[in-house]
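Asker: Each chain, letter by letter, is given below.
2 protein chains.
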Amino acid sequence: MKPVKVGLLGLGTVGGGTVNVLKRNASEITRRAGRDIQICSASARDLTQPRICDTHGITLTTDPFAVVEDPNLDIIVELIGGVSPAKELVLKALENGKHVVTANKALIALHGNEIFAQAHKYGRMVAFEAAVAGGIPIIKTLREGLSGNRVEWLAGIINGTSNFILTEMRDKGRAFADVLKEAQALGYAEADPTFDVEGIDAGHKLTILASIAFGIPLQFPKVYTEGISGITPEDVSYAEQLGYRIKLLGIARRADKGIELRVHPTLIPAKRLIANVDGVMNAILVKGDAVGPILSYGAGAGAEPTASSVVADIVDVVRALTSDPENRVPHLAFQPDAISDIPVLPVDDIETSYYLRLSAEDKPGVLADVTRILASHRISIEALIQKEPAEGASSLPVILLTHKVAEREMNAAIREIEALATVTAPVKRIRMETLK
Amino acid sequence: MKPVKVGLLGLGTVGGGTVNVLKRNASEITRRAGRDIQICSASARDLTQPRICDTHGITLTTDPFAVVEDPNLDIIVELIGGVSPAKELVLKALENGKHVVTANKALIALHGNEIFAQAHKYGRMVAFEAAVAGGIPIIKTLREGLSGNRVEWLAGIINGTSNFILTEMRDKGRAFADVLKEAQALGYAEADPTFDVEGIDAGHKLTILASIAFGIPLQFPKVYTEGISGITPEDVSYAEQLGYRIKLLGIARRADKGIELRVHPTLIPAKRLIANVDGVMNAILVKGDAVGPILSYGAGAGAEPTASSVVADIVDVVRALTSDPENRVPHLAFQPDAISDIPVLPVDDIETSYYLRLSAEDKPGVLADVTRILASHRISIEALIQKEPAEGASSLPVILLTHKVAEREMNAAIREIEALATVTAPVKRIRMETLK
Numbered sequence: 001m002k003p004v005k006v007g008l009l010g011l012g013t014v015g016g017g018t019v020n021v022l023k024r025n026a027s028e029i030t031r032r033a034g035r036d037i038q039i040c041s042a043s044a045r046d047l048t049q050p051r052i053c054d055t056h057g058i059t060l061t062t063d064p065f066a067v068v069e070d071p072n073l074d075i076i077v078e079l080i081g082g083v084s085p086a087k088e089l090v091l092k093a094l095e096n097g098k099h100v101v102t103a104n105k106a107l108i109a110l111h112g113n114e115i116f117a118q119a120h121k122y123g124r125m126v127a128f129e130a131a132v133a134g135g136i137p138i139i140k141t142l143r144e145g146l147s148g149n150r151v152e153w154l155a156g157i158i159n160g161t162s163n164f165i166l167t168e169m170r171d172k173g174r175a176f177a178d179v180l181k182e183a184q185a186l187g188y189a190e191a192d193p194t195f196d197v198e199g200i201d202a203g204h205k206l207t208i209l210a211s212i213a214f215g216i217p218l219q220f221p222k223v224y225t226e227g228i229s230g231i232t233p234e235d236v237s238y239a240e241q242l243g244y245r246i247k248l249l250g251i252a253r254r255a256d257k258g259i260e261l262r263v264h265p266t267l268i269p270a271k272r273l274i275a276n277v278d279g280v281m282n283a284i285l286v287k288g289d290a291v292g293p294i295l296s297y298g299a300g301a302g303a304e305p306t307a308s309s310v311v312a313d314i315v316d317v318v319r320a321l322t323s324d325p326e327n328r329v330p331h332l333a334f335q336p337d338a339i340s341d342i343p344v345l346p347v348d349d350i351e352t353s354y355y356l357r358l359s360a361e362d363k364p365g366v367l368a369d370v371t372r373i374l375a376s377h378r379i380s381i382e383a384l385i386q387k388e389p390a391e392g393a394s395s396l397p398v399i400l401l402t403h404k405v406a407e408r409e410m411n412a413a414i415r416e417i418e419a420l421a422t423v424t425a426p427v428k429r430i431r432m433e434t435l436k
Numbered sequence: 437m438k439p440v441k442v443g444l445l446g447l448g449t450v451g452g453g454t455v456n457v458l459k460r461n462a463s464e465i466t467r468r469a470g471r472d473i474q475i476c477s478a479s480a481r482d483l484t485q486p487r488i489c490d491t492h493g494i495t496l497t498t499d500p501f502a503v504v505e506d507p508n509l510d511i512i513v514e515l516i517g518g519v520s521p522a523k524e525l526v527l528k529a530l531e532n533g534k535h536v537v538t539a540n541k542a543l544i545a546l547h548g549n550e551i552f553a554q555a556h557k558y559g560r561m562v563a564f565e566a567a568v569a570g571g572i573p574i575i576k577t578l579r580e581g582l583s584g585n586r587v588e589w590l591a592g593i594i595n596g597t598s599n600f601i602l603t604e605m606r607d608k609g610r611a612f613a614d615v616l617k618e619a620q621a622l623g624y625a626e627a628d629p630t631f632d633v634e635g636i637d638a639g640h641k642l643t644i645l646a647s648i649a650f651g652i653p654l655q656f657p658k659v660y661t662e663g664i665s666g667i668t669p670e671d672v673s674y675a676e677q678l679g680y681r682i683k684l685l686g687i688a689r690r691a692d693k694g695i696e697l698r699v700h701p702t703l704i705p706a707k708r709l710i711a712n713v714d715g716v717m718n719a720i721l722v723k724g725d726a727v728g729p730i731l732s733y734g735a736g737a738g739a740e741p742t743a744s745s746v747v748a749d750i751v752d753v754v755r756a757l758t759s760d761p762e763n764r765v766p767h768l769a770f771q772p773d774a775i776s777d778i779p780v781l782p783v784d785d786i787e788t789s790y791y792l793r794l795s796a797e798d799k800p801g802v803l804a805d806v807t808r809i810l811a812s813h814r815i816s817i818e819a820l821i822q823k824e825p826a827e828g829a830s831s832l833p834v835i836l837l838t839h840k841v842a843e844r845e846m847n848a849a850i851r852e853i854e855a856l857a858t859v860t861a862p863v864k865r866i867r868m869e870t871l872k
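Going down the list, the protein sequences come from chains A and B. Each residue of the first sequence is one higher than the one before, starting from 1 at the first, in my numbering. Each residue of the second sequence is one higher than the one before, starting from 437 at the first, in my numbering.
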């Protein structure tokens with residue numbers, strides 16, 4: 001069969017990795033796909049920059065729209081990131097009859113509904129395995145491997161930067177800001193780390209995973225996001241003493257009244273496999289009603305792990321080139337006319353158990369006041385630990401683990417606790433999940 | 437679109453689970469596949485037996501060939517297991533123009549080459565995700581999710597019975613035979629446990645995984661298999677003290693001169709995620725040159741986890757019904773004419789490091805003799821631990837960890853060590869892998 005012709009938008013880390021993988025493994029890939037995959041042209045912002053890949057034989061341009069307009073290309077691979085001009089390029093490519101492969105999580109999370117509608121209109125495919133969890137084939141696993149299941153929930157470590165920071169904080173007792181600086185020096189964190197450490201990047205990925213798991217539209221604005229910048233070494237250490245680890249999780253759960261979509265630091269039992277996923281690695285735990293728990297683990301970022309997913313998508317698209325569009329795997333796992341409008345729950349309605357850390361004056365009656373307030377909100381206590389005050393400190397830390405309660409109720413209780421004269425600082429609150 | 441009509445061979449654990457999952461999740465599955473999937477007929481050996489599933493609306497027969505001959509059916513799902521008559525049924529179904537889904541690892545490992553040739557001849561699909569690691573979509577992950585990679589090696593806990601036994605031995609210091617009896621009582625092990633505990637079942641699964649990973653023919657007879665019946669609580673405990681766990685691994689590795697295919701108990705560092713996969717759970721670690729390490733974890737057996745993979749395969753087949761056969765995912769990941777004849781290495785040529793346990797008389801010079809013999813075979817020692825003799829025992833245990841050496845060399849050294857007058861029992865030898 002004749003070769004498939006690919007145009008690449010972006011020749012940075014992932015673009016360079018994709019060129020390298022396609023060249024290095026060309027024979028292996030052709031033995032699988034049944035035909036050659038040729039990168040014919042590529043765009044880059046600055047053609048004079050040094051590259052991690054050999055661009056010999058590839059027509060280079062600074063104009064990505066020239067690539068999208070090239071009538072010889074079958075597939076456009078979008079690796080420039082960000083929303084604009086990526087969105088315009090992808091929409092144009094589809095209009096021009098090309099299939100699209102992208103690693104762009106923000107683009108899919110924020111504009112996927114529109115992009116898939118365009119793909120549907122022109123009978124073209126948009127593949128985006130690399131948009132979530134780098135090299136882990138989690139989109140394929142959820143969308144195809146678990147297609148017989150009713151997914152109950154999923155929970156993922158889907159931001160490597162945050163996981164690296166939390167791992168260092170636990171292993172070495174270091175503070176958040178200190179590790180963040182190191183992560184920036186190592187290239188694991190951006191100069192502006194907000195997207196990573198405040199849960200926005202994880203929120204984009206969770207949006208995509210939840211849509212595929214439950215057959216709901218992409219709706220990033222409804223994801224609750226809370227990052228790790230408020231986590232202290234004390235919290236990490238108390239959690240450890242209680243048999244828990246703190247991880248930034250993206251959680252999507254089918255509850256009675258709707259879907260929970262939330263990213264936040266979470267105490268999870270240290271014995272769970274996912275609690276032992278350290279450093280920049282990613283992992284996603286999915287609970288299906290038939291399969292039970294499934295965990296997928298691997299590198300969530302980096303040139304070649306991400307390229308691994310990009311190339312797998314290209315091969316998938318190649319195989320489906322001649323198939324009827326209506327028989328292809330739907331972009332969001334469920335047929336476009338079968339997407340459901342189950343509501344996404346406001347965070348106030350979500351029920352979890354909690355880790356609470358209070359700073360209280362070392363006076364009689366404090367615990368009585370706190371437990372009375374919790375009881376009045378029907379919050380039951382699973383464990384309570386009162387620590388010795390630090391040398392010279394007048395207040396002492398009290399750690400509480402609660403049973404499950406609605407967030408609204410917990411917030412009300414916390415407001416009352418913070419109003420106590422004997423409580424000397426805002427209550428620290430971290431949600432807990434058993435992941436069972 | 438009109439419903440897809442399915443015939444089921446076998447209504448036991450997996451057959452019953454498949455009926456239950458397809459019925460319970462019918463609307464979820466149809467929302468994904470775009471059409472209804474109907475189980476029209478099923479065969480079972482004894483129609484009077486109680487079933488775990490409701491067979492209302494399914495035409496039942498004791499004759500599986502009647503199902504295979506039914507002209508109304510699109511897909512035959514073979515869940516009777518064993519080689520005969522499963523093989524005849526599958527070949528006949530393909531000849532009759534039906535696609536086949538099977539959970540039968542022995543059938544694929546032993547007769548897959550012939551079955552896939554038949555499928556190729558009649559332009560039909562054979563899907564077998566459920567044949568390896570139950571509900572874990574590892575076939576899909578390897579065959580499609582990692583299609584851009586050159587797979588370097590894979591190592592899997594792919595026999596739940598053995599992993600349950602090893603986990604109990606470690607957690608409770610129990611002996612092999614004792615735990616085996618419990619596993620049989622719990623239904624985790626067969627009355628004749630040979631297939632599970634001697635590595636044959638794992639060998640079947642490894643045969644399939646290796647073929648897909650490397651693009652080589654299915655060649656079970658070349659798999660080296662060694663089971664766990666010789667593992668003692670002492671070995672488990674010494675391994676633990678040295679920072680290792682013993683797991684029955686199926687390992688396939690691309691070495692310089694060929695492919696290694698081996699199933700054997702293996703010491704692996706306790707810190708690795710896969711070392712913490714306990715009980716009947718399965719996990720497969722794959723190292724791809726682009727993606728790095730990928731781990732897939734989940735239930736390796738059971739009615740509904742296995743049914744999860746069977747149903748996913750049915751949905752996949754439904755989606756590919758109208759595709760050109762030459763554009764479908766090849767059965768063994770690589771195009772039939774691109775299967776390679778890289779040799780499988782004899783076990784003598786395989787290099788690993790080793791854990792050795794010796795029983796030696798408590799006399800001077802024993803260690804000098806042993807280390808001299810190892811040195812004469814160019815085997816270097818990484819660690820040596822001499823234990824106190826047990827109360828009243830005249831011999832004392834010596835534990836050695838070696839660096840990498842060819843198995844042939846190690847066997848020669850062991851023969852010389854066992855010939856020493858001061859060595860009182862056969863040397864216990866367990867291979868080690870860092871899985872890095």
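Just so you know, the hints here were simulated from the structure itself, not pulled from any lab data. The model shown is predicted, which means the values in this text are computed figures rather than measured ones. Wrong hints could be hidden among the right ones.
Only part of the chain A face toward chain B is listed, based on derived beta-carbon distances under 7 Å [unchecked claim]:
hint: 1; residue: Arg32
hint: 2; residue: Arg35
hint: 3; residue: Pro137
hint: 4; residue: Thr141
hint: 5; residue: Asn149
hint: 6; residue: Gly215
hint: 7; residue: Pro217
hint: 8; residue: Pro221
hint: 9; residue: Gly230
hint: 10; residue: Ala299
hint: 11; residue: Val315
Which chain A residues stay away from chain B? Per the calculated CB distances, all over 10 Å, these [as the list claims (entries may be wrong)]:
hint: 12; residue: Arg24
hint: 13; residue: Gln38
hint: 14; residue: Glu95
hint: 15; residue: Glu129
hint: 16; residue: Gly243
hint: 17; residue: Pro293
hint: 18; residue: Val311
hint: 19; residue: Ala320
hint: 20; residue: Ala368
These stretches of chain A come out as covered by chain B in the derived footprint (C-beta under 8 Å, 3 or more residues) [unchecked claim]:
hint: 21; segment: 270 to 277
hint: 22; segment: 304 to 310
hint: 23; segment: 322 to 336
Heads up, the beta-carbon is just placed ideally off N, CA and C, and yes, glycines get one too.
Asker: Going through the earlier hints one by one, which of them does the structure break, listed in rising order?
Answerer: 2, 7, 8, 9, 12, 15, 17, 18 and 19
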